[in-house]
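Numbering (the working numbering), first residue to last: 24 to 245.
Honestly, the hints are just simulated from the structure, not real lab data. In this text, a Cβ means the ideal position worked out from N, Cα and C, and glycines have one as well. Honestly, I wouldn't trust all of these hints.
[As the list claims (entries may be wrong)] Listed next, with one range per pair, are the computed distances between beta-carbon atoms: (1) Lys222 / Ser153: 40 to 46 Å; (2) Gln216 / Gly168: 33 to 39 Å; (3) Asn93 / Asp225: 17 to 23 Å; (4) Glu217 / Thr103: 24 to 30 Å; (5) Lys222 / Ala201: 32 to 38 Å; (6) Glu147 / Asp225: 39 to 45 Å; (7) Leu102 / Glu65: 27 to 33 Å; (8) Ala201 / Leu102: 29 to 35 Å.
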Amino acid sequence: MTSLSPVISEAPLDQLRRLRLVPVIVIDNPDDATPLARSLEEGGLPCAEVTFRTSGARAALERISAQCPNVLVGAGTVLTPAQAADARSAGAKFIVSPGFGPAVVDYCLENNMPVFPGVATPTELEAALSKDLRVLKFFPAEALGGAAYLKAMSAPYGAIEFMPTGGISPANVRDYLALRQVVACGGSWMAPQEWIAAKQFDRIRDAVSAAVRLVSGSGGDA
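Using the sequences plus the hints, can you model the full thing?
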């Protein structure tokens with residue numbers, strides 16, 4: 024069985040614990056990547072999960088990695104080992120997938136890349152456990168039943184932690200962050216795709232700043 028310790032770098036995970044929020048980014052034009060990353064940093068949230076849903080995602084991730092070294096950037100919606108390899112070569116510091124894909128997980132483990140695969144049920148959670156993974160994406164969070172479902176499902180698995188994503192907003196983010204097993208929450212409300220395309224970077228900066236203030240002091244103890 025693969026040991027966890029050399030797989031998940033403490034630095035990215037420590038940053039995620041401190042930041043508590045991960046902006047989930049869908050970006051079409053790579054030219055928007057650097058100003059977007061700077062707006063996230065200026066708003067107090069130097070982190071981005073660039074989803075591999077668009078043709079410009081890889082180039083956008085590469086630009087953020089090269090031009091904004093203080094921004095922790097990862098790749099999301101990674102469905103294949105080839106995408107994981109592409110993200111890694113572009114400078115991703117972590118990989119996120121919507122479900123538990125053994126091939127993607129194995130690639131990341133073999134290449135010492137932090138990976139947070141999605142789980143929705145105890146069965147999927149135990150599949151992740153079989154790979155010695157201890158930090159998982161919980162997706163789609165709200166559709167599955169929200170913070171209450173996550174708390175109930177994870178109760179028998181005390182050592183597992185989660186990054187919930189899917190339907191999280193200012194109205195419910197603190198409910199998730201109140202759970203001791205939640206590392207950070209992913210959300211797109213701070214930098215939606217249409218704001219990025221419209222180059223509304225000041226608006227994104229202000230929304231990020233408001234989100235940071237909202238979650239400040241949201242320690243998990245439930």
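Hint by hint, here is what the structure shows:
1. Lys222 / Ser153: 40 to 46 Å: holds (45 Å)
2. Gln216 / Gly168: 33 to 39 Å: violated (26 Å)
3. Asn93 / Asp225: 17 to 23 Å: With Cβ atoms ~19 Å apart, the hint holds.
4. Glu217 / Thr103: 24 to 30 Å: Hint holds: Cβ distance 28 Å, inside 24 to 30 Å.
5. Lys222 / Ala201: 32 to 38 Å: holds (35 Å)
6. Glu147 / Asp225: 39 to 45 Å: holds (40 Å)
7. Leu102 / Glu65: 27 to 33 Å: holds (32 Å)
8. Ala201 / Leu102: 29 to 35 Å: holds (31 Å)
Checked against the numbered hints listed earlier, the structure breaks hint 2 alone; every other hint is satisfied.
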